[in-house]
Amino acid sequence: MKKPTDNPRPSKITLGTVAELAGVGPATVDRVINERGNVSDATRRKVIDAARELGLKRILPDSYHRHVRIEVLMARPELPLIARMHMEFIRLARGLSGSVTIHRTNIKDESPGRLAEAMLQTSCDGVVVYAPDHPETNDAINALQARGVQVVTMISDLPKSRRLAYAGLDHYQAGRTAGYLMHNTVRIPGPLVILCNNLAFEGHARRVKGFSDYLLEAGASMPIIGVLEGGDDRDKSEILLRDAFAGQCDIAGIYNAGAANMGVARAIRARILNAPPVFVGHELTQFTASILHDRLMSFTIDQAPELQAQFAIEVLLSEFGFKVSKSVAPPYRSPVPILIYSPENIPNAFPTP
Numbered sequence: 216m217k218k219p220t221d222n223p224r225p226s227k228i229t230l231g232t233v234a235e236l237a238g239v240g241p242a243t244v245d246r247v248i249n250e251r252g253n254v255s256d257a258t259r260r261k262v263i264d265a266a267r268e269l270g271l272k273r274i275l276p277d278s279y280h281r282h283v284r285i286e287v288l289m290a291r292p293e294l295p296l297i298a299r300m301h302m303e304f305i306r307l308a309r310g311l312s313g314s315v316t317i318h319r320t321n322i323k324d325e326s327p328g329r330l331a332e333a334m335l336q337t338s339c340d341g342v343v344v345y346a347p348d349h350p351e352t353n354d355a356i357n358a359l360q361a362r363g364v365q366v367v368t369m370i371s372d373l374p375k376s377r378r379l380a381y382a383g384l385d386h387y388q389a390g391r392t393a394g395y396l397m398h399n400t401v402r403i404p405g406p407l408v409i410l411c412n413n414l415a416f417e418g419h420a421r422r423v424k425g426f427s428d429y430l431l432e433a434g435a436s437m438p439i440i441g442v443l444e445g446g447d448d449r450d451k452s453e454i455l456l457r458d459a460f461a462g463q464c465d466i467a468g469i470y471n472a473g474a475a476n477m478g479v480a481r482a483i484r485a486r487i488l489n490a491p492p493v494f495v496g497h498e499l500t501q502f503t504a505s506i507l508h509d510r511l512m513s514f515t516i517d518q519a520p521e522l523q524a525q526f527a528i529e530v531l532l533s534e535f536g537f538k539v540s541k542s543v544a545p546p547y548r549s550p551v552p553i554l555i556y557s558p559e560n561i562p563n564a565f566p567t568p
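If you read the sequence shown in this note's numbering, its first letter stands for residue 216, the second for the next number, and so on.
No lab work stands behind these hints: they were computed from the structure.
A few of these clues could be false.
Claimed, not checked - No farther apart than 27 Å at their CA atoms in a straight line, the calculated lysine-lysine pairs in the BS3-like style are these:
(1) Lys451 x Lys424
(2) Lys323 x Lys451
(3) Lys538 x Lys227
(4) Lys424 x Lys375
(5) Lys323 x Lys375
Please model the entire structure based on the sequences and the hints provided.
Here it is, written out as structure tokens:
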């Protein structure tokens, strides 16, 4: 770095002025001042020291952060949503400074015991986790919090735990939205069937309740004849739906609160029902885009994985003293919107795992 006596101090301090004193480019100064990452610790210190020397009128980041490690724990990476979430965490990791490392851990078994074990084994400073609401997972989060490890729940909340924050959709509101769409799309009222992963997941239970509550309040003449727990397994879900269709051929609509959209599509294409049902589901993927295009699916509700991942990481970084978005501050409120896609507004391009 140049000595400040080499040139008289300019009357107006700009990022270019800081860059000249630090001996780096303006783009590097911008990355450091705005904490965009991809800058070595040594360069970071040079830029911040130069900015302080010149008296740059900006809120400057700390010249040094201790190294922070964050572990992201998610089960069943074969599911489209989980694959999208992993992709978003990879993207986020590329933009972080060298002071932060994101470790991604894939767990094939989504049982509460296995996820609780994985949480308790972490050696990281913070954890982001997608897990069912169960005493074992709640106890694991509480144990981590007691030893100073902050936890953010993601996709589905564990509100009975001492987690720091939740990053995800308002699932009750999403379920009510699905109920509204179903009620206003079915032409000839008839029985409905709901498919989900497992009601132990708080997100799925809230979606089912929201959907049911809306239809009840609306006075819809569409009885819900079953809530099927297919474990987000396409084959099991297809079999459960085929059996339901065989027993009630006049089913008017299907609400899939889970991820097994392929199983739903195969069951509908088996032509067991008297007429094609209204099909409302979740997640925008290559597959749901294709069945929306074919008019087999009526609507899909997306939950913006990129916003969930970003919010989860920013909450933890905020707790460790890093500069984050102004909107990320206690009490942490998840900003994830409900996004509705129909056959008429399928994006030309969207993230795919």
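Taking the hints in turn, this is what the structure says about them:
1. This hinted pair checks out: Lys451 and Lys424 have alpha carbons roughly 23 Å apart, not beyond 27 Å.
2. A C-alpha spacing of about 17 Å is found between Lys323 and Lys451, which places the hinted pair at or below 27 Å, so the restraint holds.
3. Distance hint between Lys538 and Lys227 is fulfilled; the C-alpha atoms sit about 25 Å from each other, no more than 27 Å.
4. For the proposed pair Lys424 and Lys375, the alpha carbon gap of about 18 Å is at most 27 Å, so the pair holds.
5. At roughly 25 Å between alpha-carbon atoms, Lys323 and Lys375 fall within 27 Å of each other, so this suggested pair holds.
The structure agrees with every numbered hint stated previously.
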